[in-house]
Amino acid sequence: MGFFDYVSDLYAALSVQEVQAEEPQNDENDEGSEGEEEKPEESSEGGEEADDSEGGDEGGDEEEEEEEEEEEEEPEDLKPKLEEECLKTAQCAPLKHHYEECSERVKHQEEQYGKPSEDCVEEFFHMMHCASQCAAPKLFRQLR
Numbered sequence: 001m002g003f004f005d006y007v008s009d010l011y012a013a014l015s016v017q018e019v020q021a022e023e024p025q026n027d028e029n030d031e032g033s034e035g036e037e038e039k040p041e042e043s044s045e046g047g048e049e050a051d052d053s054e055g056g057d058e059g060g061d062e063e064e065e066e067e068e069e070e071e072e073e074e075p076e077d078l079k080p081k082l083e084e085e086c087l088k089t090a091q092c093a094p095l096k097h098h099y100e101e102c103s104e105r106v107k108h109q110e111e112q113y114g115k116p117s118e119d120c121v122e123e124f125f126h127m128m129h130c131a132s133q134c135a136a137p138k139l140f141r142q143l144r
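Those letters in the sequence shown? Residues 1 to 144, by full-length UniProt numbering.
Hints are computed from structural coordinates only; laboratory data are not their basis. We put the CB at the ideal spot given by N, CA and C, even for glycine. Heads up, a few of these hints could be off.
[As the list claims (entries may be wrong)] What follows is a set of in silico ranges between Cβ atoms, one per label pair, in the way DEER data are often shown:
1) D5 to V106: 49 to 55 angstroms
2) V106 to S15: 56 to 62 angstroms
3) Q112 to R144: 50 to 56 angstroms
4) S103 to V16: 36 to 42 angstroms
5) E74 to F125: 24 to 30 angstroms
6) E74 to F140: 30 to 36 angstroms
7) K79 to S103: 30 to 36 angstroms
8) L78 to E110: 31 to 37 angstroms
9) E74 to R141: 39 to 45 angstroms
10) D5 to F140: 50 to 56 angstroms
11) A12 to G114: 41 to 47 angstroms
12) E63 to E85: 34 to 40 angstroms
With the hints as extra help, turn the sequences into a complete structure.
Okay, here's the thing in structure tokens:
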């Protein structure tokens with residue numbers, strides 16, 4: 001490995017580069033799609049022009065329908081609802097109360113002194129652990 005290779009690898013590693021998931025975005029398509037979105041709004045004021053532009057929007061409607069179908073395929077996540085219900089039970093309610101007291105104490109310290117002397121991370125973890133342990137069996141029963 002030559003000196004130039006070393007320097008170019010070092011530069012590539014330390015410089016900020018554009019991140020791309022699969023392929024670079026085509027800027028021409030982005031500009032065109034923005035213009036298409038604006039045209040129906042402008043042409044809706046004129047009667048005959050609105051009829052002409054409606055035929056061109058059918059392709060856009062198909063894309064919207066595909067996006068809606070993709071959204072419909074994803075089931076609703078039940079875990080947050082079950083965890084909220086579990087936080088109200090006798091098992092987790094004291095931990096939630098303890099966390100809320102800690103949170104109020106920290107807010108008061110922040111308002112009074114500008115910087116709190118503690119955080120409520122440990123209380124939060126205990127509360128969420130209790131909620132997760134309570135919700136897990138219920139969630140698995142519903143998923144069967």
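**OP:** Check the following: the C-beta atoms of Q112 and R144 are separated by a distance inside 50 to 56 angstroms.
**Re:** holds, 51 angstroms
Original post:
Regarding V106 and S15, is the given constraint of 56 to 62 angstroms on their beta-carbon distance met?
Top reply: violated, 40 angstroms
Original post:
Does the hinted range 50 to 56 angstroms hold for D5 and F140 at CB?
Top reply: holds, 54 angstroms
**OP:** Please test the hint of 30 to 36 angstroms on the beta carbon pair from E74 and F140.
**Re:** Given a distance of about 19 angstroms, which is not inside 30 to 36 angstroms, the answer is violated.
**OP:** Given the hint of 24 to 30 angstroms, check if E74 and F125 actually sit that far apart at their C-beta atoms.
**Re:** Between E74 and F125, where Cβ atoms are some 29 angstroms apart, the hint holds.
Original post:
CB of A12 to CB of G114, is that within 41 to 47 angstroms?
Top reply: holds, 43 angstroms
Original post:
Given a hinted range of 49 to 55 angstroms, is it respected by the beta-carbon distance of D5 and V106?
Top reply: Since D5 and V106 have Cβ atoms about 52 angstroms apart, the given range 49 to 55 angstroms holds.
Original post:
So the hint says 39 to 45 angstroms: do the beta-carbon atoms of E74 and R141 match that?
Top reply: violated, 21 angstroms
**OP:** Look at the Cβ atoms of K79 and S103 and judge whether their distance stays inside 30 to 36 angstroms.
**Re:** For K79 and S103 the Cβ distance comes to about 22 angstroms; the hint is violated.
Original post:
Lying within 34 to 40 angstroms: is that true of the beta-carbon distance E63 to E85?
Top reply: holds, 38 angstroms
**OP:** Starting from the range 31 to 37 angstroms, see whether the pair L78 and E110 falls in it by beta-carbon distance.
**Re:** holds, 35 angstroms
**OP:** Could you say whether the range 36 to 42 angstroms given as a hint is met by the Cβ separation of S103 and V16?
**Re:** Holds: the Cβ-Cβ distance is about 37 angstroms, inside 36 to 42 angstroms.
Of the numbered hints stated above, those contradicted by the structure are hints 2, 6, 7 and 9, listed in ascending order.
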